[in-house]
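K.L.:
By my numbering, the letter at position 191 of the sequence shown is numbered 191, and the numbering carries on one by one without gaps.
To be clear, the hints were calculated from the coordinates, so they are not data collected in a lab.
Treat the hints with caution; some may be incorrect.
Calculated pairs, BS3-like style, for lysine-lysine (alpha carbon to alpha carbon, straight line, at most 27 Å) [as the list claims (entries may be wrong)]:
(1) Lys233 x Lys221
(2) Lys372 x Lys16
(3) Lys177 x Lys14
(4) Lys68 x Lys16
(5) Lys233 x Lys14
(6) Lys68 x Lys25
(7) Lys153 x Lys233
(8) Lys384 x Lys303
(9) Lys16 x Lys89
(10) Lys265 x Lys142
(11) Lys141 x Lys384
So the derived label-pair ranges between C-beta atoms look like this [claimed, not checked]:
(12) Glu81 x Glu156: 53 to 59 Å
(13) Ser114 x Ser305: 57 to 63 Å
(14) Lys315 x Ser135: 34 to 40 Å
Beta carbons: idealized from backbone N, C-alpha and C, even for Gly.
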Amino acid sequence: MNFCPRRKERQENKMKNRVAELLAKNNIDAILISNDVNNLYVTGEIFGGYTYITAQGEIILFSKYADKVGEFETVKIRKPEQIPELLGKKPQTLSLDDESSSAADWIRLSNAFSFCNIVTRKNIMRTARIVKTPSELEKIKKAAEQQMTVYSKIPELFEEGMTDTDLAIKLEGALRKCGHNGIFRTHGFHMECFMGSLLCGQNGEEASVYDFALGGKGATKALPIGACGDAIKAGDAVMVDYSGCYDGYLCDMTRTFFVKEIAPKALYAHNVSIEIQELVQPMLKEGVCAFEIWEKTLEIVKKHSLEGCFMGLSKQSKFVGHGVGLEINEPPVMCTNDKTPLEQNTVLAIEPKFVIKGIGAVGVEDTYTVEKNSGILLTDFERKAIII
Numbered sequence: 001m002n003f004c005p006r007r008k009e010r011q012e013n014k015m016k017n018r019v020a021e022l023l024a025k026n027n028i029d030a031i032l033i034s035n036d037v038n039n040l041y042v043t044g045e046i047f048g049g050y051t052y053i054t055a056q057g058e059i060i061l062f063s064k065y066a067d068k069v070g071e072f073e074t075v076k077i078r079k080p081e082q083i084p085e086l087l088g089k090k091p092q093t094l095s096l097d098d099e100s101s102s103a104a105d106w107i108r109l110s111n112a113f114s115f116c117n118i119v120t121r122k123n124i125m126r127t128a129r130i131v132k133t134p135s136e137l138e139k140i141k142k143a144a145e146q147q148m149t150v151y152s153k154i155p156e157l158f159e160e161g162m163t164d165t166d167l168a169i170k171l172e173g174a175l176r177k178c179g180h181n182g183i184f185r186t187h188g189f190h191m192e193c194f195m196g197s198l199l200c201g202q203n204g205e206e207a208s209v210y211d212f213a214l215g216g217k218g219a220t221k222a223l224p225i226g227a228c229g230d231a232i233k234a235g236d237a238v239m240v241d242y243s244g245c246y247d248g249y250l251c252d253m254t255r256t257f258f259v260k261e262i263a264p265k266a267l268y269a270h271n272v273s274i275e276i277q278e279l280v281q282p283m284l285k286e287g288v289c290a291f292e293i294w295e296k297t298l299e300i301v302k303k304h305s306l307e308g309c310f311m312g313l314s315k316q317s318k319f320v321g322h323g324v325g326l327e328i329n330e331p332p333v334m335c336t337n338d339k340t341p342l343e344q345n346t347v348l349a350i351e352p353k354f355v356i357k358g359i360g361a362v363g364v365e366d367t368y369t370v371e372k373n374s375g376i377l378l379t380d381f382e383r384k385a386i387i388i
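Could you build the full structure based on these sequences and the hints that come with them?
P.N.:
Written out as structure tokens, the structure is:
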């Protein structure tokens, strides 16, 4: 078991410095972070409070509960309205982490800081988290190891006559025993999932109500994603799309298994997904723009005349990849509108998937680091169609 210890090491100043640099670049005096994930990124812990960072790199933590967070002493407060009076030098311009704040929190904090100019739409924290530090990359690699260990056990976890939910439960238990933290953080206010999803047979045709590539009915309308309790039968495609999670950092990997037999059209589409991965990997290098990955993928899909089943049937997702880190769906996004140039040490998941009517979802998803000359594969696990 590879469980991560409670953090005791000094949190890297690289995180704080990256935020300070972006503030200075955008002519913003300071940022007040209220989001748990962003607090975790900067301090190494979730502590139920606020992190204040200036463009000069000064950092102050405000908390109702904690006296100390890692290396940082905190300033105790009862409510956020106390923060302005506790600051030595008050900012003239302030970011309120608006990409990750609820409207109620944003309004409350903007009222507390009514004396200064509140800057919006700069996405300081989302941008800061794009390029990973060496320690972040190590954690994502350990998350990938969880996935590869468990996916290798799927043929033995599968039992004839079981339901997709039965298999999902076995997978989830195996991942937890490998050290998975049990959380799957996804960016967005309307995004929910539990560790990942398993799509079996016709359930793979069910479009997602969320901004995921594919969906599934789920076990209940209260969480309509993934396994739905259907019996797994011969000829079904079983798409396993589960996360790894080590010390809060995620990795994304999908593999497709086939029960007893593979229909030729399903195998063909699955192999096209592998072809896309092989041709896109060399493009995952510094300077290539995110939309170019999408365009290359579409070129390959059209060459094989698979546009009608690419990324869904009734609802087709218009992206083929995204950033990965403390959350799934971090920037950049591999879609037609994202002109972001890729930077070294960005982590990306590429997920070309197809849905074959009557058989299910097929394809592979892999996670890479962006390097100077080519992407480096983190989820180095067999891609070919596997019969169980």
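K.L.:
Evaluate each hint against the coordinates.
P.N.:
Against the structure, the hints:
1. Distance check on the hinted pair: Lys233 and Lys221 sit about 24 Å apart at the alpha-carbon level, within 27 Å; holds.
2. In summary, the hint linking Lys372 to Lys16 is supported, as the alpha carbons are separated by about 25 Å, within the 27 Å threshold.
3. Distance check on the hinted pair: Lys177 and Lys14 sit about 32 Å apart at the alpha-carbon level, beyond 27 Å; violated.
4. As the CA atoms of Lys68 and Lys16 are separated by approximately 17 Å, the hinted pair is consistent with the 27 Å bound.
5. The straight-line distance between the Cα atoms of Lys233 and Lys14 is roughly 51 Å, outside the 27 Å bound, and the hint therefore fails.
6. A threshold of 27 Å between alpha carbons decides the hint, and for Lys68 with Lys25 the separation of about 30 Å lies outside it, so the pair is violated.
7. A threshold of 27 Å between alpha carbons decides the hint, and for Lys153 with Lys233 the separation of about 19 Å falls inside it, so the pair holds.
8. A C-alpha spacing of about 21 Å is found between Lys384 and Lys303, which places the hinted pair at or below 27 Å, so the restraint holds.
9. Annotation: proposed proximity of Lys16 to Lys89 holds, straight-line Cα distance about 19 Å (limit 27 Å).
10. For the suggested pair Lys265 and Lys142, the alpha carbons sit about 35 Å apart, so the restraint of at most 27 Å is broken.
11. The straight-line distance between the Cα atoms of Lys141 and Lys384 is roughly 22 Å, inside the 27 Å bound, and the hint therefore holds.
12. As the Cβ distance of Glu81 to Glu156 is approximately 57 Å, the hint placing it in 53 to 59 Å holds.
13. For Ser114 and Ser305, the Cβ-Cβ distance of about 59 Å falls inside the hinted range of 57 to 63 Å, so the restraint holds.
14. One distance hint, 34 to 40 Å for the beta-carbon pair Lys315 and Ser135, holds here, with the actual separation near 38 Å.
Checked against the numbered hints given earlier, this structure breaks hints 3, 5, 6 and 10; the rest are met.
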